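Chain order of the listed sequences is A and B. For the first sequence, the residue numbers in my numbering are 545 to 610. For the second sequence, the residue numbers in my numbering are 801 to 1060.
No lab work stands behind these hints, which were simulated from the structure alone. Watch out, some of these pointers could steer you wrong.
[To be verified] Some chain B residues flagged as far from chain A (calculated, every beta-carbon gap over 12 Å):
{"#": "1", "residue": "D805"}
{"#": "2", "residue": "G823"}
{"#": "3", "residue": "S854"}
{"#": "4", "residue": "G877"}
{"#": "5", "residue": "I916"}
{"#": "6", "residue": "K927"}
{"#": "7", "residue": "M1009"}
{"#": "8", "residue": "R1041"}
[What the hints assert, rightly or not] Take a look, some chain B residues computed to stay more than 10 Å from chain A by CB distance:
{"#": "9", "residue": "T815"}
{"#": "10", "residue": "Q831"}
{"#": "11", "residue": "V837"}
{"#": "12", "residue": "S876"}
{"#": "13", "residue": "R886"}
{"#": "14", "residue": "T910"}
{"#": "15", "residue": "G1003"}
{"#": "16", "residue": "T1011"}
[Stated by the list, open to error] Here are the in silico distance ranges between beta carbons for each label pair:
{"#": "17", "chain 1": "B", "residue 1": "K808", "chain 2": "A", "residue 2": "Q592", "range": "36 to 42 Å"}
{"#": "18", "chain 1": "A", "residue 1": "I549", "chain 2": "B", "residue 2": "S1032", "range": "18 to 24 Å"}
{"#": "19", "chain 1": "A", "residue 1": "G582", "chain 2": "B", "residue 2": "R944", "range": "45 to 51 Å"}
{"#": "20", "chain 1": "B", "residue 1": "R909", "chain 2": "A", "residue 2": "R574", "range": "55 to 61 Å"}
Note that this is a predicted model, so its numbers are computed, not measured. The C-beta atom is built at its ideal place from N, Cα and C for all residues, glycine as well.
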Amino acid sequence: MVELIINGTVRQLDAATLTEVVEQLGLNNRPIIAEINGEVVLSEHWQQTEVADGMKIEFVHFVGGG
Amino acid sequence: MDIQDQWKIGDQLLTSRFFLGTGLFPNPFVQTQAIQVSGAEVLTFAIRRVNLASSEDDSILQHIEPDRFRFLPNTSGSRTAEEAVRIARLARASGLSDWIKVEIAADERTLLPDPIETLKATEILVKEGFTVLPYISDDPIMCRKLEEAGAAAIMPGGAPIGTGLGLLNPYHIGLIIEEAKVPVIVDAGLGTASDAALAMELGAAAVLMNTPVAKAQDPVKMALAMRLAIESGRLAYLAGRMPQKRYASASSEYHSLKIK
């Protein structure tokens, strides 16, 4: 298990990579953008991006706005 | 008149002069119809956290065909240049657009933009290769500084966001348009069709709005009204209005054939 801070909330997940995090959160195939510790991680790099305790992960997306 | 009254932001050729926001619509169906009727080619969006508590895909993009539009994400929610740059990078990482509307609110009640942070963010993002469209107060000097910093267009507000007060300072907007070498897009504060027409009559390249359409009683009808007003205002600007006079002058020649 790994303890991550995802969108401001502490979560314990059984995940080794960012792709696995996305899958476990049920976000696969959704148009989301990821950031780890303030740095953007492009989706083509999610598979190789390993996650570790204490990482701050943000998942964002486009919403309505002016 | 040249029917193809086209214009450009960066290398992007545009025909429509109506930028439409995608917030606050009563439902996706009305929004889709309003977008269609508006003829807008550029749509704006905000970037927000995904709601992890909901399994539903609440992304706005499921309702919009990406090939048909140029996306203009904004940095709303940011209060500093640093936060705006972060949001801009996230927006670009979507792979959907490298355009960014810099929007940095300095004050919660008025949502007026912070000019110093806006200039800083513009400088950074231009260096990073973004096409930067800053939302800024109707200050001619500030607009000039943003242009010098490499903004692809300048977007002065007509009035504070969502107020519908119209163009509070047409003199300043006119001066900004007169001096700018990049397109000037009047953004924010418009309320109804006459506001959009006035902005265009002053020579604005385009207008950007969201609330006036989304919060109209009938958003689809208002989208059409705004489109027509923008086209009318543009035509009036190109046609060149008559000079204003203080006293009357008759439309028919008056003296020679007057019935006595």
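Going down the list of hints, with the structure as the test:
1. D805: holds, 25 Å
2. G823: violated, 4 Å
3. S854: About 10 Å separates S854 (chain B) from the closest Cβ of chain A, which leaves it inside 12 Å; violated.
4. G877: Nearest chain A Cβ is 9 Å from G877 (chain B), so the label is violated.
5. I916: Label holds. Min Cβ-Cβ 22 Å, cutoff 12 Å.
6. K927: Non-interface label stands for K927 (chain B): nearest chain A Cβ at 17 Å, farther than 12 Å.
7. M1009: violated, 7 Å
8. R1041: holds, 30 Å
9. T815: Its Cβ never comes within 10 Å of chain A, the nearest being 21 Å, so this holds.
10. Q831: Label violated. Min Cβ-Cβ 8 Å, cutoff 10 Å.
11. V837: It holds; V837 (chain B) is separated from chain A by about 17 Å at its closest Cβ, greater than 10 Å.
12. S876: Violated: least Cβ distance 6 Å, not greater than 10 Å.
13. R886: Answer for R886 (chain B): violated, closest chain A Cβ roughly 7 Å.
14. T910: Non-interface label on T910 (chain B) holds, nearest chain A Cβ at 15 Å vs cutoff 10 Å.
15. G1003: holds, 23 Å
16. T1011: violated, 7 Å
17. B:K808 - A:Q592: 36 to 42 Å: holds, 39 Å
18. A:I549 - B:S1032: 18 to 24 Å: At roughly 53 Å between Cβ atoms, S1032 (chain B) and I549 (chain A) fall outside 18 to 24 Å, so the hint is violated.
19. A:G582 - B:R944: 45 to 51 Å: violated, 33 Å
20. B:R909 - A:R574: 55 to 61 Å: violated, 35 Å
The structure fails hints 2, 3, 4, 7, 10, 12, 13, 16, 18, 19, 20 (numbered hints given earlier, in ascending order).
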